[in-house]
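Number of protein chains: 2
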Amino acid sequence: MQSDPLLDNISIVLVDTRTPANIGAVARCMMNMGLGRLILVDPPKDGNNDAARLAAGADEILRRAAVAATLNEALAGQHLVIGTSRHSGRQRKNVRTPREMAEQVVPLLAGNRVAVVFGSEVTGLDNHQLALCQEILSIPASPAFPSLNLSHAVMVVAYELFIASRTGVPAQPRELASAGDLENFYCHLQETLQAIGFLDAGHPDRMMFTFRQLFGRARLENRDISILRGVLSSVDRMLRKGT
Amino acid sequence: MQSDPLLDNISIVLVDTRTPANIGAVARCMMNMGLGRLILVDPPKDGNNDAARLAAGADEILRRAAVAATLNEALAGQHLVIGTSRHSGRQRKNVRTPREMAEQVVPLLAGNRVAVVFGSEVTGLDNHQLALCQEILSIPASPAFPSLNLSHAVMVVAYELFIASRTGVPAQPRELASAGDLENFYCHLQETLQAIGFLDAGHPDRMMFTFRQLFGRARLENRDISILRGVLSSVDRMLRKGT
Numbered sequence: 001m002q003s004d005p006l007l008d009n010i011s012i013v014l015v016d017t018r019t020p021a022n023i024g025a026v027a028r029c030m031m032n033m034g035l036g037r038l039i040l041v042d043p044p045k046d047g048n049n050d051a052a053r054l055a056a057g058a059d060e061i062l063r064r065a066a067v068a069a070t071l072n073e074a075l076a077g078q079h080l081v082i083g084t085s086r087h088s089g090r091q092r093k094n095v096r097t098p099r100e101m102a103e104q105v106v107p108l109l110a111g112n113r114v115a116v117v118f119g120s121e122v123t124g125l126d127n128h129q130l131a132l133c134q135e136i137l138s139i140p141a142s143p144a145f146p147s148l149n150l151s152h153a154v155m156v157v158a159y160e161l162f163i164a165s166r167t168g169v170p171a172q173p174r175e176l177a178s179a180g181d182l183e184n185f186y187c188h189l190q191e192t193l194q195a196i197g198f199l200d201a202g203h204p205d206r207m208m209f210t211f212r213q214l215f216g217r218a219r220l221e222n223r224d225i226s227i228l229r230g231v232l233s234s235v236d237r238m239l240r241k242g243t
Numbered sequence: 244m245q246s247d248p249l250l251d252n253i254s255i256v257l258v259d260t261r262t263p264a265n266i267g268a269v270a271r272c273m274m275n276m277g278l279g280r281l282i283l284v285d286p287p288k289d290g291n292n293d294a295a296r297l298a299a300g301a302d303e304i305l306r307r308a309a310v311a312a313t314l315n316e317a318l319a320g321q322h323l324v325i326g327t328s329r330h331s332g333r334q335r336k337n338v339r340t341p342r343e344m345a346e347q348v349v350p351l352l353a354g355n356r357v358a359v360v361f362g363s364e365v366t367g368l369d370n371h372q373l374a375l376c377q378e379i380l381s382i383p384a385s386p387a388f389p390s391l392n393l394s395h396a397v398m399v400v401a402y403e404l405f406i407a408s409r410t411g412v413p414a415q416p417r418e419l420a421s422a423g424d425l426e427n428f429y430c431h432l433q434e435t436l437q438a439i440g441f442l443d444a445g446h447p448d449r450m451m452f453t454f455r456q457l458f459g460r461a462r463l464e465n466r467d468i469s470i471l472r473g474v475l476s477s478v479d480r481m482l483r484k485g486t
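In order, the protein sequences belong to chains A and B. Heads up: the first sequence begins at 1 in the working numbering, then just goes up one per residue. Heads up: the second sequence begins at 244 in the working numbering, then just goes up one per residue.
Across the chosen pairs, the derived CB separations fall in these ranges:
hint: 1; chain 1: A; residue 1: R64; chain 2: B; residue 2: A309; range: 40 to 46 Å
hint: 2; chain 1: B; residue 1: A309; chain 2: A; residue 2: R219; range: 32 to 38 Å
hint: 3; chain 1: B; residue 1: D251; chain 2: A; residue 2: R240; range: 50 to 56 Å
Residues on chain A that point at chain B, a partial pick, calculated with CB under 10 Å:
hint: 4; residue: M31
hint: 5; residue: A56
hint: 6; residue: R99
hint: 7; residue: I139
hint: 8; residue: S142
hint: 9; residue: R166
hint: 10; residue: L220
hint: 11; residue: M238
Honestly, the hints are just simulated from the structure, not real lab data. We put the CB at the ideal spot given by N, CA and C, even for glycine.
Next up, chain A with everything else stripped away, as it sits in the complex (with noise of 0.2 Å):
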């Protein structure tokens, strides 16, 4: 399996799908997001070929999915089970955002299993489910319209646990300039430019700090340099031709 061993240790757990396209949708974005362990609770019996079009080269998940008949079959061995829940109610103290969870949970990751749980898509966890869990999670959504479809829920979640799992791991940094090399590149512009008459060789300190904003901005690499350095020695060549 190409998931992420880290991330192996984390289970996605559908309980009651009704939609098996919802289920190969689950399969697809979690292999995006490195998971790999999926739990069907009481999956409908029919609908494979709907679930395997929507997994659409995810489906050594489906394969590989455990089912349990229950709940409490389906969480044996986790050690940590967070349910998820569109309403933070009344009784539900212990609310997290995907993003918190995420956060708290990867650390946990190296020695504990850690179960995910999505209720039905019209019902959603019920409180008896809920009970089982020992944390809640609540997708923050707008108030006008926060039912998420199934897979969307779990594709926050997954994007959030796959983040979190990977941040202290440089992505690919840039290699700025260095400030003598950004030096040079403004000496030669400032040259140029009053060489072409379009800087006032009395007052170009102005104008000059408006380029040192612009190009500041930009973040230059050596490779911009050269590229920059090298339309400024073209207009070079042109003025000494002309001249």
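Following the hints, position chain B against chain A.
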């Protein structure tokens, strides 16, 4: 419309979408996350029922969606255009994560219109389409299976924008140049660079892409564009004198 007034300056642009159901699913997750403006470039002729079914209550967004024949037409009036890409190709240095993008975009929303562009399900955005975008966004995903369903990709982006819009309020918003003014600048730049012999007239695209990335990072305002075009005009004048 129930969308957040700040988020109302964001448009989701779907280019060459093949599957109507995906358009419906996108509308639903937009509405979940407080977004209301959908622009469809060359959408499928049929399949409105599929789209409405997947929208599941967000059909108002479908009904109000703007339709454009080309991406260029869709982007008229937008100030910041962000393209989404699965790959961070060799030339694509200016690639941000959805979270970085959201944190940078939300402070700009008070005075600017922002478009986030998604390509077709099969091919994504091609290089010509990406060249019309000032910034490129890539959703982190498992290298083993990085291909997200279109609506899942929109969900991640919309979710990050929604979360970022609820934190922090913009201090001093900058007013960015429009996409049209930017395109005029890039045209002028290309002409002048060819005239001075810096740019190979036969193969300008690669280098122009680099310039678009560089100036894209700088987030140009109208004043910046006036200054840069002023420089180009000075070079143009000098060339005319020389000949």
